[in-house]
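A.B. asks: Okay, here's what each chain looks like letter by letter:
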Amino acid sequence: MASSSEQAVVQPDDPDQEPILALKDIRKCFGALEVLKGVSFSLRRGEALSIIGASGSGKSTLLRCVNLFEEPSSGEIVFNGNRVEYGSHLKFWTRNRILRELRRDIGMVFQSYNLWPHMTVLQNVIEAPVRTGRATPDKARRNAEALLHKIGLFDKRSEYPSRLSGGQQQRVAIIRALAMSPKILLLDEVTSALDPELVGEVLGLIAQLADEGVTMLVVTHEIAFARDASHRTIFVHQGRIEEEGRSSDVLNRPSSELTQRFLKRVLHPGFKSTEAGL
Amino acid sequence: MGLNVISNWWNVVRDYMPLMLQATVTVVEITACVVLLSWVVGLLLALLRTSNVLVLQWPARFYIWFIRGTPALVQIFIVYFGLPQFGVRLSPFVGGVIALGLNSAAYVAETIRGGLISIPKGQRESALALGLSHTTAMRRIILPQVIRVIIPPISNELASALKNTSLLSTITLMELTLQTEVVVATTFRPFEFYITAAMLYLIMTTVCLVALQRVENKFALRY
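These protein sequence lines are chains L and R, in that order. Under this note's numbering, the first residue of the first sequence is numbered 1, with each subsequent residue one higher. Under this note's numbering, the first residue of the second sequence is numbered 1, with each subsequent residue one higher.
To be clear, the hints were calculated from the coordinates, so they are not data collected in a lab. All figures in this text were calculated on a predicted structure; none of them were measured in a lab. Idealized CB from N, CA, C, for every residue including glycine. Errors might be hidden in some of the hints.
[Claimed, not checked] Chain L is faced by these chain R residues, among others (derived, beta-carbon under 10 Å): (1) Arg-61; (2) Gly-122; (3) Arg-124; (4) Ser-126; (5) Gly-131; (6) Pro-144; (7) Arg-148; (8) Ile-151; (9) Ser-155; (10) Asn-156; (11) Glu-216; (12) Asn-217; (13) Phe-219.
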């Protein structure tokens, strides 16, 4: 089960490579509530990094800080070699421009797919590359069709999203993000809203992308997926990184007692579990 | 007997029909201008009203509160009789269109706002996450979805706007209601002529509602 073979294929463990993304001492408060209490980690090109943790641990907030859907209260984000400027001191227009440019390079996929219901599948995938000037309509269409072929939904290109299953919608949402050729893909619990029998096809696609070297940050509840498909895993507990390392190490032989307890709870969810407090 | 009633009515009304129809055309013209103005101003107000910026939100709130809390007739008088005191003299048509358009805008704004908040947050978020600007997200993703939900309430507002043009009879605009009053004053046949006016209004509102119903069906078929 261990993922040593995948790690041999990709080179994200190369310590000399400059990380594509680095977060340094990120803190985030909502009013008096401190959700992130100083989080630092980095992500290398081609690396798939899983973030696990209980609900309310701050893992989704952490992900949303990366594309500045949430602005950190303090801390530094370095993306693609540049320090990302953020904060209310920036001028309105400057700030909007920085956000747009950052988000064109950082794709994000959501729990609830969020496909646009008034556009066909193909229009959904083409919209952003065309509107942002990334590609001509012709090029965007060819690229979108290739991506739809890849996920086996080319036949559905003229359908509206409501005609697709949840799993199909989520896979379209993933290639919609990929159509922008982002440098990082953020996945925020993308299988949590799916019926159990549809989870596999979505996880399969993500694992395939990870194999192909798509750099990704995956917030997930799927421990098996994190272990088998991602190179490294971070366990977040109460706004701090409790444990970090190779996925096989963190998930098979966790060193922290909190990680052990969390894993025990999610892998063997007994009805009478009294181990609250995590 | 029924036929008799109709032929009696027609004998009374016949000679005045061209005048009545001309006034009906005037109603259509006013309504078209009022609706255009109210949709433009209404959209603007709705965007301000749903803005996160308080400085933008509050003027819109105040405006909507004022308009919805005062009679349209008083608003018309303010524009037509009140503004000349400050040197702003408007023709009955222009004054009427402005007053009714600004009145209707408040209701349109509330309708659009309802549509805006009915669109799930994720729709906008996914657009922003792809690097689209706020404006593009609004224009390409949010508003097309809003239009679909607001067609039924907006057609009600359109019918109200049309019927409210009768209020402009008070500022000497020769629209259908005032025209009917004038005709009644010379013929002394109020029943026949007010019924005729009612029928003409009914035809106009029905055409509007049917047209918008068609637009709604077309949208509903697509997705």
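A.B. asks: With 10 Å as the cut and Cβ atoms as the points, is R/Asn-156 at the interface with chain L?
C.D. replies: Hint violated; R/Asn-156 Cβ to chain L Cβ min 23 Å, cut 10 Å.
A.B. asks: Quick check on the hint: R/Gly-131 CB to chain L CB, less than 10 Å?
C.D. replies: holds (3 Å)
A.B. asks: Would the hint on R/Gly-122 be counted as holding, given a Cβ-Cβ threshold of 10 Å to chain L?
C.D. replies: holds (4 Å)
A.B. asks: Hint validation: R/Glu-216 versus chain L, beta carbon distance must be below 10 Å. Holds or violated?
C.D. replies: violated (14 Å)
A.B. asks: Please verify that hint: R/Pro-144, Cβ, nearest Cβ of chain L, below 10 Å or not.
C.D. replies: holds (5 Å)
A.B. asks: Can the hint on R/Phe-219 be confirmed by a CB-to-CB distance to chain L that is less than 10 Å?
C.D. replies: Constraint on R/Phe-219 satisfied, holds at 9 Å.
A.B. asks: How about R/Arg-124: closest beta carbon in chain L under 10 Å, or not?
C.D. replies: At 9 Å from the nearest chain L Cβ, R/Arg-124 passes the 10 Å test, so the hint holds.
A.B. asks: Measuring from the C-beta of R/Ile-151 to each C-beta in chain L, is the shortest one below 10 Å?
C.D. replies: violated (14 Å)
A.B. asks: Can R/Ser-155 be said to touch chain L, with a Cβ gap under 10 Å?
C.D. replies: Violated - the Cβ of R/Ser-155 stays beyond 10 Å from chain L, reaching only about 20 Å at its closest.
A.B. asks: The hint names R/Asn-217 as touching chain L; please verify it with the least Cβ-Cβ distance against 10 Å.
C.D. replies: violated (15 Å)
A.B. asks: Are R/Ser-126 and chain L close enough, Cβ to Cβ, to be under 10 Å, as the hint says?
C.D. replies: holds (4 Å)
A.B. asks: Does R/Arg-148 pass the interface hint, meaning its C-beta sits closer than 10 Å to a C-beta of chain L?
C.D. replies: holds (7 Å)
When held up to the earlier numbered hints, the structure conflicts with 1, 8, 9, 10, 11, 12 and fits the remainder.
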